[in-house]
Amino acid sequence: MKVLVAVKRVIDYNVKIRVKADKTGVETANVKMSMNPFDEIAVEEAIRLKEAGAATEIVAVSIGPQASQETIRTALAMGADRGIHVLTGEALEPLAVAKLLKAIIAKEAPELVILGKQAIDDDCNQTGQMLAALLDWPQATFASKLKPGAGEALVTREVDGGLETVAVKLPAVVTTDLRLNEPRYASLPNIMKARKKAIDQTTPETLGVAIAPRLVTLEVKEPGKRAGGKKLSSVAELVEALMSEAQVI
Amino acid sequence: MPALLVAEHDGQRLKGASLNALSAARLMSDAVHVLVAGQACRAVAEEAAGLDGVAKVLLAEAPQFEHASAEDLATLVLGLAKSYSHLAAPATTFGKNFMPRVAALLDVQQISDVSAVIAPDTFERPIYAGNAIARVQSKDGVKVVTVRGTAFPAAKPGASPAPIEAVAVPAASDRSRFEGAEIAQLARPELTAARIIVSGGRGLQSGENFKILEKLADRLGAAVGASRAAVDAGFVPNDYQVGQTGKIVAPELYIAVGISGAIQHLAGMKDSKVIVAINKDEEAPIFQIADYGIVGDLFQIVPALEAELAKRLANR
Chain A
0 MKVLVAVKRV IDYNVKIRVK ADKTGVETAN VKMSMNPFDE IAVEEAIRLK
50 EAGAATEIVA VSIGPQASQE TIRTALAMGA DRGIHVLTGE ALEPLAVAKL
100 LKAIIAKEAP ELVILGKQAI DDDCNQTGQM LAALLDWPQA TFASKLKPGA
150 GEALVTREVD GGLETVAVKL PAVVTTDLRL NEPRYASLPN IMKARKKAID
200 QTTPETLGVA IAPRLVTLEV KEPGKRAGGK KLSSVAELVE ALMSEAQVI
Chain B
0 MPALLVAEHD GQRLKGASLN ALSAARLMSD AVHVLVAGQA CRAVAEEAAG
50 LDGVAKVLLA EAPQFEHASA EDLATLVLGL AKSYSHLAAP ATTFGKNFMP
100 RVAALLDVQQ ISDVSAVIAP DTFERPIYAG NAIARVQSKD GVKVVTVRGT
150 AFPAAKPGAS PAPIEAVAVP AASDRSRFEG AEIAQLARPE LTAARIIVSG
200 GRGLQSGENF KILEKLADRL GAAVGASRAA VDAGFVPNDY QVGQTGKIVA
250 PELYIAVGIS GAIQHLAGMK DSKVIVAINK DEEAPIFQIA DYGIVGDLFQ
300 IVPALEAELA KRLANR
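Protein chains in written order, with numbering that gives the first Met the number 0: chain A, 0 to 248; chain B, 0 to 315.
Since the hints were made in silico from the structure, they are not lab data.
Among the hints, erroneous ones may be present.
Unchecked claim - Using 27 Å as the maximum straight-line C-alpha spacing, the simulated BS3-like pairs for lysine-lysine come out as follows:
1) A:Lys19 with A:Lys224
2) B:Lys138 with A:Lys230
3) A:Lys224 with B:Lys279
4) A:Lys15 with A:Lys1
5) A:Lys224 with A:Lys22
6) B:Lys214 with A:Lys224
7) B:Lys269 with B:Lys214
8) A:Lys230 with B:Lys272
9) A:Lys15 with B:Lys310
10) B:Lys138 with B:Lys210
11) B:Lys272 with A:Lys220
12) A:Lys15 with A:Lys192
13) A:Lys229 with B:Lys310
14) A:Lys22 with B:Lys279
15) A:Lys49 with A:Lys192
As the list claims (entries may be wrong) - Far from chain A, some chain B residues (derived; all Cβ distances over 12 Å):
16) Ser82
17) Pro152
18) Ala153
19) Ser205
20) Gln299
Bear in mind the structure is a predicted one, so any value in this text is a computation, not a measurement.
Idealized CB from N, CA, C, for every residue including glycine.
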């Protein structure tokens, strides 16, 4: 079974982001970038499927500027077999990303596509579902367990009240939630080996996909700030404050 | 044209997030229709019909909607889409699951997690875990949105009930099959619906220690939540998680115990009306957003707080 994983280069989750003074977006210059954490979980799951003998090849795809190749290298160092980079300029919307992935999938014909449930930059949580719809494939989002079987995959999903298990016929799209696995760190020998793995580069034009944005970002601003409150020294003071001042109990 | 809200429910009642999403939908269009898809769920349709601002309820009853797959829901909504200016759903795991499928099939870029409706085509939504707010305008013909419940008030019952109309149900997909669910049976209120939440973090040190929070929560009639650190450490299940990757909550009172206040966690609770922080590290970022803080050992403070509440609430 061939598995395709999609990986996105985002601002590292430890970075405290800053809104640009002109309100056009957030500051990305000289900021540490990493693979989207949910995508790391997707790569890890694909590798585990390969280690268990269920997957035969793992293709890691990233869509974005030239530097996205670093993100693909990270996936290759973790254990993906080869990479595909779709070179684009500006940040793309999930619909455009789903269309590009669909075009790649038409050539690669994987049986399983694993993506992170959301990217921690735009927090959209759309790409996997959109891709499944465009391919007319079934989907299993927010996966916390994935078990491939004959012609289908059994997926346990994290839903608001607890867990739900669905069986989806392959080919299918799965999106990862936090507890699916703990991604490994790439070892130094594997980082060296990854340098020799192939990354093919293509463009939206070559793939014949229109990527013009549908949304106009009018402004990006800081959220309303909460004023810090006061420190109290006893629980009696706290209960008094909650009852008389805040009146919430 | 009216807006269509796809309601989330449990077969008997609407989920709270549907009531918040209805308030948002009313800001998008003068008329709002509500779609209730389920199996033998007429009671839910009647509840929806009784809400203020609902012009019509569409009822789709079929076996495949008992545990509706994203595939079947998307097909149903897609068939109704052409009569509407907006398609909306709550930004819960229900809405997040099927709505992007609808958007993609309509060739529309969805707007997720809408936190403000500025104009029928202009919305605000949080990005970067709520550390920035983007105002976006959609150029698509139909607007497809999911709504952040905590940003809008819950809809109230109206004067006279709206009509309920049955809609034709398309054939079910055979590509996805529901196998089962483990839905936590909580003795306490649900996190997203609770008026008071007591949340624990890594400072609790073990799942066993969450019992002292549960005691405090029961004293207050509160729900129990947790930070991602506590979930990752295996103290409590993931459905307790409050934060960017968990649930977004905005109760009247949020008591954060042994939670340092990672950006990821703050994203899920900073719209709470009153925040209390209990932490032994006085430099913990949670104190910067808390209305009231106590620095100290939670294992002493939490039981003392529970005892003090018992005393004070008994006098009332």
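Evaluation of the provided hints:
no.: 1; hint: A:Lys19 with A:Lys224; verdict: holds (17 Å)
no.: 2; hint: B:Lys138 with A:Lys230; verdict: violated (48 Å)
no.: 3; hint: A:Lys224 with B:Lys279; verdict: holds (24 Å)
no.: 4; hint: A:Lys15 with A:Lys1; verdict: violated (37 Å)
no.: 5; hint: A:Lys224 with A:Lys22; verdict: holds (16 Å)
no.: 6; hint: B:Lys214 with A:Lys224; verdict: violated (32 Å)
no.: 7; hint: B:Lys269 with B:Lys214; verdict: holds (24 Å)
no.: 8; hint: A:Lys230 with B:Lys272; verdict: holds (17 Å)
no.: 9; hint: A:Lys15 with B:Lys310; verdict: violated (43 Å)
no.: 10; hint: B:Lys138 with B:Lys210; verdict: violated (51 Å)
no.: 11; hint: B:Lys272 with A:Lys220; verdict: holds (22 Å)
no.: 12; hint: A:Lys15 with A:Lys192; verdict: violated (33 Å)
no.: 13; hint: A:Lys229 with B:Lys310; verdict: holds (24 Å)
no.: 14; hint: A:Lys22 with B:Lys279; verdict: violated (37 Å)
no.: 15; hint: A:Lys49 with A:Lys192; verdict: holds (18 Å)
no.: 16; hint: Ser82; verdict: holds (20 Å)
no.: 17; hint: Pro152; verdict: holds (17 Å)
no.: 18; hint: Ala153; verdict: holds (17 Å)
no.: 19; hint: Ser205; verdict: holds (18 Å)
no.: 20; hint: Gln299; verdict: violated (9 Å)
Violation of the numbered hints given earlier is confined to hints 2, 4, 6, 9, 10, 12, 14 and 20; the remaining hints are satisfied by the structure.
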